[in-house]
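Trainee: Top line first, the protein sequences correspond to chains A and B. Just so we're aligned, residue 20 is where the first sequence starts under my numbering, counting upward by one. Just so we're aligned, residue 125 is where the second sequence starts under my numbering, counting upward by one.
Any given hint could be a false lead.
Stated by the list, open to error - Okay, the calculated bits of chain A under chain B, using three or more residues with CB under 8 Å as the criterion:
id, region
1, 135-147
2, 155-162
3, 286-293
Unchecked claim - For each label pair, taking beta carbons as the anchor points, the in silico distance ranges come out as:
id, chain 1, residue 1, chain 2, residue 2, range
4, A, LYS238, B, MET427, 33 to 41 Å
5, A, HIS295, B, ILE166, 54 to 62 Å
6, A, ARG327, B, ALA131, 53 to 61 Å
7, A, LYS238, B, ALA241, 27 to 35 Å
8, B, ILE156, A, ASN104, 49 to 57 Å
9, B, ALA172, A, HIS295, 53 to 61 Å
10, B, ALA131, A, LYS238, 38 to 46 Å
11, A, GLU227, B, PRO346, 19 to 27 Å
Keep in mind the hints are simulated off the structure, nothing from the lab. Cβ atoms here follow ideal geometry from the backbone N, Cα and C, with glycine treated the same way.
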Amino acid sequence: MTSDRDPYGQESTVSERSAALASAPPPVRRIVVDREPQVAPPRAPVNGSASATATAQPVRAARPAAALVRERMRTEGLWLAYGQNWVVRDVSLPVRQGEVLALIGASGSGKTTLLRSLNRLTEITAGAARSGRITLEGTEIYELEVNDLRRRVSMVFQQPNPFPMSIFDNVAYALAEQRPPRGRRRRHTPELELAVEDALRRAGLHDEIAGDLERPALKLSGGQQQRLCIARALAAKPEVLLLDEPCSALDPISTATIEDLIVGLRESVAIVIVTHNLQQAQRVADHVAFMHLGELVEYGPAEQVFERPREQRTRDYISGAFG
Amino acid sequence: MATVELAPSPAPPAIVQPPRDRTSSWPLLDRIGYWACWATGIGLCVIAAAIVLFMLVEGISALRLNLFVESPAASLHQSQSGGFLDPLIGTFIVTAIGILIAAPLGVALAAWLSEYARPAGLARGVESAIEMIAGVPSIVLAIFGLIVFSQGFLGFLSQRASDGTVTAQSFLVAGIVMSLLALPLIVGATREALTQLPGRVREASFALGKTRATTLRCVLLPAVRPGIASGVVLGIGRIIGDTAIIVILLGATLKNEPVGNVPLLKTLRGSGSTLTSYIYNNSPAGEGNAPQKAYAAAFVLLMVVLVLNALVTRLSRGRSAGAVDWTMK
Numbered sequence: 020m021t022s023d024r025d026p027y028g029q030e031s032t033v034s035e036r037s038a039a040l041a042s043a044p045p046p047v048r049r050i051v052v053d054r055e056p057q058v059a060p061p062r063a064p065v066n067g068s069a070s071a072t073a074t075a076q077p078v079r080a081a082r083p084a085a086a087l088v089r090e091r092m093r094t095e096g097l098w099l100a101y102g103q104n105w106v107v108r109d110v111s112l113p114v115r116q117g118e119v120l121a122l123i124g125a126s127g128s129g130k131t132t133l134l135r136s137l138n139r140l141t142e143i144t145a146g147a148a149r150s151g152r153i154t155l156e157g158t159e160i161y162e163l164e165v166n167d168l169r170r171r172v173s174m175v176f177q178q179p180n181p182f183p184m185s186i187f188d189n190v191a192y193a194l195a196e197q198r199p200p201r202g203r204r205r206r207h208t209p210e211l212e213l214a215v216e217d218a219l220r221r222a223g224l225h226d227e228i229a230g231d232l233e234r235p236a237l238k239l240s241g242g243q244q245q246r247l248c249i250a251r252a253l254a255a256k257p258e259v260l261l262l263d264e265p266c267s268a269l270d271p272i273s274t275a276t277i278e279d280l281i282v283g284l285r286e287s288v289a290i291v292i293v294t295h296n297l298q299q300a301q302r303v304a305d306h307v308a309f310m311h312l313g314e315l316v317e318y319g320p321a322e323q324v325f326e327r328p329r330e331q332r333t334r335d336y337i338s339g340a341f342g
Numbered sequence: 125m126a127t128v129e130l131a132p133s134p135a136p137p138a139i140v141q142p143p144r145d146r147t148s149s150w151p152l153l154d155r156i157g158y159w160a161c162w163a164t165g166i167g168l169c170v171i172a173a174a175i176v177l178f179m180l181v182e183g184i185s186a187l188r189l190n191l192f193v194e195s196p197a198a199s200l201h202q203s204q205s206g207g208f209l210d211p212l213i214g215t216f217i218v219t220a221i222g223i224l225i226a227a228p229l230g231v232a233l234a235a236w237l238s239e240y241a242r243p244a245g246l247a248r249g250v251e252s253a254i255e256m257i258a259g260v261p262s263i264v265l266a267i268f269g270l271i272v273f274s275q276g277f278l279g280f281l282s283q284r285a286s287d288g289t290v291t292a293q294s295f296l297v298a299g300i301v302m303s304l305l306a307l308p309l310i311v312g313a314t315r316e317a318l319t320q321l322p323g324r325v326r327e328a329s330f331a332l333g334k335t336r337a338t339t340l341r342c343v344l345l346p347a348v349r350p351g352i353a354s355g356v357v358l359g360i361g362r363i364i365g366d367t368a369i370i371v372i373l374l375g376a377t378l379k380n381e382p383v384g385n386v387p388l389l390k391t392l393r394g395s396g397s398t399l400t401s402y403i404y405n406n407s408p409a410g411e412g413n414a415p416q417k418a419y420a421a422a423f424v425l426l427m428v429v430l431v432l433n434a435l436v437t438r439l440s441r442g443r444s445a446g447a448v449d450w451t452m453k
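Whole structure, please, built from the sequences with the hints as guidance.
Mentor: Given below as structure tokens:
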């Protein structure tokens with residue numbers, strides 16, 4: 020190839036070429052369209068008014084009546100530490116069924132640690148320490164058997180983490196007792212099948228995969244995997260569902276699906292969600308807790324925290340001044 | 125759908141190749157090192173090819189089908205010294221015993237080390253012990269086995285002479301000591317696979333209210349099956365190839381010599397030989413001195429080991445690219 024030939028075969032000098040590049044637009048491929056492009060017809064929102072992603076101003080589903088809101092968990096003067104490092108400082112919060120509680124705040128503000136302390140998952144990290152009370156239905160959670168607690172307060176993680184088994188086995192595993200009955204293999208009993216299908220239905224996954232529950236779970240899409248994880252977490256009928264940035268690894272459409280799901284679930288289970296995404300918090304939360312450097316800075320109804328924050332630090336965070 | 129036609133794009137320009145990297149501009153030491161690496165690499169390929177070719181030529185010319193079905197016989201002449209049926213069976217028995225002991229123990233040890241490992245001091249001790257066993261020459265293991273298994277109360281594993289001495293030579297004894305050879309390999313492969321499972325898999329299971337033991341049994345161990353399998357195959361390769369333990373603890377006899385009358389057990393308690401000891405005995409250094417037989421047996425042994433190696437490669441490739449894909453979309 021001779022150096023003074025441009026890719027289109029015209030002979031030119033370097034200066035001519037750069038002049039041409041500067042003045043004329045580069046040659047483009049023409050797109051010939053013989054018909055108007057056809058787009059998919061607009062569809063009805065998935066979940067009535069709850070389909071918030073499309074609208075600029077989020078419209079939340081109607082708040083459940085006060086009678087349906089019921090306190091499940093509570094932290095009182097909760098301090099949490101890793102080693103010598105206090106990462107949560109004196110946090111008192113109620114967790115109620117019938118509403119979604121969103122924990123917002125910058126990275127390192129302690130929200131994930133707070134979330135993980137609710138089902139004692141912090142304990143698998145060496146050096147974790149706690150002061151203050153966490154109660155589930157009025158009982159201090161240290162007085163509950165830990166695996167029993169985790170079945171009652173289950174958790175969904177940031178990364179979808181289904182087990183390398185079939186879809187069915189993923190959910191059935193959550194339901195299985197620690198020790199399967201002797202001699203009889205834990206397999207598809209009718210009750211188990213019903214329970215698995217019920218969990219998948221609650222997680223909005225049942226209709227998509229109804230035909231083939233024996234497919235490997237890792238073959239599902241990311242969003243489906245996350246909903247499978249939600250189904251798995253719901254299978255044992257927990258009282259509280261903890262969600263640790265459940266959508267941060269997902270695309271916007273899967274995110275919208277899961278947000279609708281969260282809003283729909285709040286009446287049957289108390290939900291706590293940690294999120295970095297303020298729009299998401301605005302779309303799904305009924306109450307918002309803003310944390311900064313381990314402290315609970317502000318707690319209140321979502322509209323109030325987002326529209327009329329009382330604290331300057333909340334106002335700064337929400338307006339994007341830091342974090 | 126609207127049909128969209130794209131005007132043909134302009135012909136792609138010719139590709140410019142980057143200039144070849146030349147070593148002439150390198151410092152002399154770098155150049156020497158570079159060519160030394162080349163020479164070593166090629167040298168190794170030549171040696172590997174030579175081993176296979178030599179054994180192929182010598183082995184196949186000596187290999188007869190009847191070698192596989194005839195027992196060895198004592199004879200000064202090669203044509204009458206029989207085949208290697210007994211050593212072939214012996215290899216199979218010793219390997220089976222060794223692996224049947226080493227595999228469950230190795231997996232259990234790896235699981236404990238990776239998931240529990242408390243108290244930390246004990247875990248460190250276990251680790252060093254495994255490393256030490258991995259480093260002990262098999263002849264030393266064999267002598268150690270001889271001391272242990274010639275104790276009177278362990279006579280049921282081998283043969284007890286009328287004066288009370290125990291021979292400590294039997295398939296059972298050799299298999300048990302052989303399991304020590306395979307154990308570190310199985311522990312290592314299983315542990316490595318468990319360590320590579322991301323922590324979120326365990327968290328997911330704990331968060332569902334499962335104990336560590338349930339998580340291991342239902343999630344972790346099934347997920348590392350390919351790792352366990354490649355450890356087992358490596359262990360089999362190690363056992364098949366060992367001679368020292370066979371000579372000392374199996375007797376390396378001409379034929380397998382049963383002890384007692386109980387079927388199966390009489391073979392296991394008796395002495396015998398494997399392909400490796402057969403090769404040794406028939407080599408010019410051994411008492412059989414039938415090199416043709418040695419070549420044929422060596423060829424068979426080499427083929428078995430090569431097949432096992434291919435199996436390991438396949439299994440470990442299956443682990444990285446295959447069924448269990450933890451990477452996220």
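Trainee: Against each hint, give a clear statement of whether it holds in the structure.
Mentor: Each hint tested on the structure:
By the rule of at least three residues with a Cβ nearer than 8 Å to a Cβ of chain B, the coverage given for the region 135-147 of chain A holds, with 3 such residues. Counting residues of the region 155-162 of chain A whose beta-carbon sits less than 8 Å from any beta-carbon of chain B gives 0, not enough to reach three: the coverage restraint is violated. With a threshold of 8 Å between beta carbons, the proposed coverage of the region 286-293 of chain A by chain B is violated, since 0 of its residues qualify and at least three are required. Hint check: LYS238/A to MET427/B, Cβ distance near 38 Å, so the stated range 33 to 41 Å holds.
For HIS295/A paired with ILE166/B, a C-beta distance near 55 Å keeps the hint of 54 to 62 Å intact. With their beta carbons about 57 Å apart, ARG327/A and ALA131/B fall inside the hinted range of 53 to 61 Å. A hinted range of 27 to 35 Å holds for the C-beta pair LYS238/A and ALA241/B, which are about 34 Å apart. Our hint of 49 to 57 Å for ILE156/B and ASN104/A holds, since their Cβ atoms are close to 53 Å apart.
Taken as a hint, the range 53 to 61 Å holds for the pair ALA172/B and HIS295/A, whose Cβ atoms sit roughly 55 Å apart. At about 40 Å, the CB distance of ALA131/B to LYS238/A agrees with the hint of 38 to 46 Å. At roughly 26 Å, the beta carbons of GLU227/A and PRO346/B sit within the given window of 19 to 27 Å.
When the structure is compared with the earlier hints, violations turn up for hints 2, 3 and for no others.
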